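As a plain string of letters, each chain reads:
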Amino acid sequence: AAGVIQSPRHLIKEKRETATLKCYPIPRHDTVYWYQQGPGQDPQFLISFYEKMQSDKGSIPDRFSAQQFSDYHSELNMSSLELGDSALYFCASSLSGAATNEKLFFGSGTQLSVL
Amino acid sequence: GNSVTQMEGPVTLSEEAFLTINCTYTATGYPSLFWYVQYPGEGLQLLLKATKADDKGSNKGFEATYRKETTSFHLEKGSVQVSDSAVYFCALSVPSGSARQLTFGSGTQLTVLP
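First to last, the protein sequences are chains R and A.
Counting from 918, one number per residue, gives the positions in the first sequence under my numbering.
Counting from -12, one number per residue, gives the positions in the second sequence under my numbering.
Hints in this document: simulated from the structure, not taken from any laboratory.
Quick caveat, the model's predicted, so the values are computed rather than measured.
Positions of the beta carbon are idealized from the N, C-alpha and C atoms, including for glycine.
Wrong hints could be hidden among the right ones.
Some chain A residues near chain R, calculated using beta-carbon distances under 8 Å [what the hints assert, rightly or not]:
1. E29
2. G30
3. L31
4. F76
5. Q88
6. L89
7. F91
8. G92
9. S93
10. G94
So that you can see chain A by itself, here it is in the shape it has in the complex:
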């Protein structure tokens, strides 16, 4: 079956620190990979995605590269801000006919201190 394993949190960083949140996956077929962010009291928002090996997704200073050889999709940001404090979910989807569903990791709580 499909599964996503995420780095356990919580993660606490100072503003302008470097961020890495590890994510590895197991999937049948050729999955698409995603990072979603959830701010307090809000729904999930797509942060970035990659649909094939060696693709790099990027948005708002965050980056993640689809590494098929290591089955990984680690999230990185060079300089975090207080406003980046949220829960980050790594996810994958494998097309199944006309329907697709996401398999999520357990989420990583990030807190950035001023």
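The following block holds chain R by itself, in its conformation from the complex:
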């Protein structure tokens, strides 16, 4: 079965550069979530989208922005990168609207290293 696909798998950037991370949800999933996991830390919720609209916002810096497209894939844009942005960025998807569906399906993550 198709899973959540994230690209790239690894990304190396320098300070003050920009980065774009992509997430392709499971087919028919209409909700996408982004999480940031720093080294040795628990995942922190950044932002989520439902039907191409932002639905929830967590601890996402102002330097980051995200959007969901008509095919439901999502992109996380990160500007003015800082060393502290080095982390594993997870995307997850779900099919919203089903009251019994509490499952999120996670991608394998994009490891971002800022040098």
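Using the hints provided, position chain A relative to the given structure of chain R.
What follows is chain A alone, placed relative to chain R:
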């Protein structure tokens, strides 16, 4: 607000030992509870879940029971294997309109020695 408190690691066990990883939570409303596992270099994978009080989630020999009276969801396995070595995250979600987000615990690193 919502929060999850997990037993601090790392935890090191010998193969076939009994495993318990404690997890307690604070939440508004009626949360669903989850255990996720993260193997080295990989993404989070749902291990098991429980959506209401007294539910028992189980998978791959792991079990956890949703205890509303103690606000706990402890993870147990009777006989661990080397392949169980990973980081385990307890998490909860409380529905918020059409969007849901997970609140994670800090994770517990488990190492199983042969």
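Name the hints, by number, that the structure is in violation of.
Every hint satisfied by this model.
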